[in-house]
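Here the sequence shown stands for residues 4 to 267, where the numbers follow the numbering used here.
Treat the hints as calculated values from the structure; they're not laboratory data.
Treat the numbers as computed from the prediction; the structure is a model and nothing was measured.
Any given hint could turn out to be false.
What the hints assert, rightly or not - Simulated restraints on C-beta separations: (1) Leu57 - Val37: 21 to 27 Å; (2) Gln89 - Arg239: 41 to 47 Å; (3) Gly225 - Leu87: 17 to 23 Å; (4) Gly88 - Leu42: 24 to 30 Å.
Virtual Cβ for every residue (Gly too), placed ideally from N, Cα, C.
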Amino acid sequence: MTTTDEKATAARNNSASLRRALAILLHLGGDDAVRGATLSELASGLSMNKSTLLRLLAPLCEVRLVEQDADTGRYRLGWRTAQLGQTYLERLDLRDTAHDVLEQLTANTGETTYLVIADLPEVVYLDKVDSLQPVRMYSRIGSRQSAHCTGVGKALLAHADADAVNAVIAHGLPQRTPRTHTTEAALRADLAVIRRRGYAVDDIENEPDIRCVAAPVFDHAGAAACAVSVSGPAGRVTAERVPELGALVAAAAEEISRRLGARR
């Protein structure tokens, strides 16, 4: 008859085995195993002995989560991991995926946050979380703005292909405020800074007295799928706060990117 202690020990052992099996999958999916890994490399990288590894690899190979190359003997992720990943991506809802990140970003900054997608030469506001400040921005989900003069638009343009950027420039760069970039040279210089810095700034370029800090969100293919931003009156979103807000926005964008399967 199995005692309670024996059952608890078996449960702990099963849990440990599961964690080790998951560690194998994560290791094979990492940058250090692009070409797969030999049994010795797995043993070294995961600090496991070979007999334990072989025991854990057997069921992973049976369900095709892991494959072994017949010629080289190297282990790599199997085709079923791609199937699972594709199923996950197909069931993603962008707003649902990102909304709690926007809520946390608003809590951290005290300002209104947005999730925006590109429909160049414009951007479309997909979701927002309002600030609790007594003075706040008026905006609505579904509204559109020009890409060249908004933080979110410039964050997306900074990682768009050359044809997309050229098309936005050819469409025209109308002046919205005295600070709007209205020349190709000025816009391209700003996009280069955004790529280096990791976030974009609408420095009162789209609306009077409104400053915005934005960062791009990348999908599983490495494309800038959308952007996230913090916006507010320039008296609160001051130039001095921009680096702090930029770090917070970039971290939020990175979290959403991770949920979309990005490897960046």
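Please write out, lowest number first, the hints stated earlier that are contradicted by the structure. Those not satisfied: there are none.
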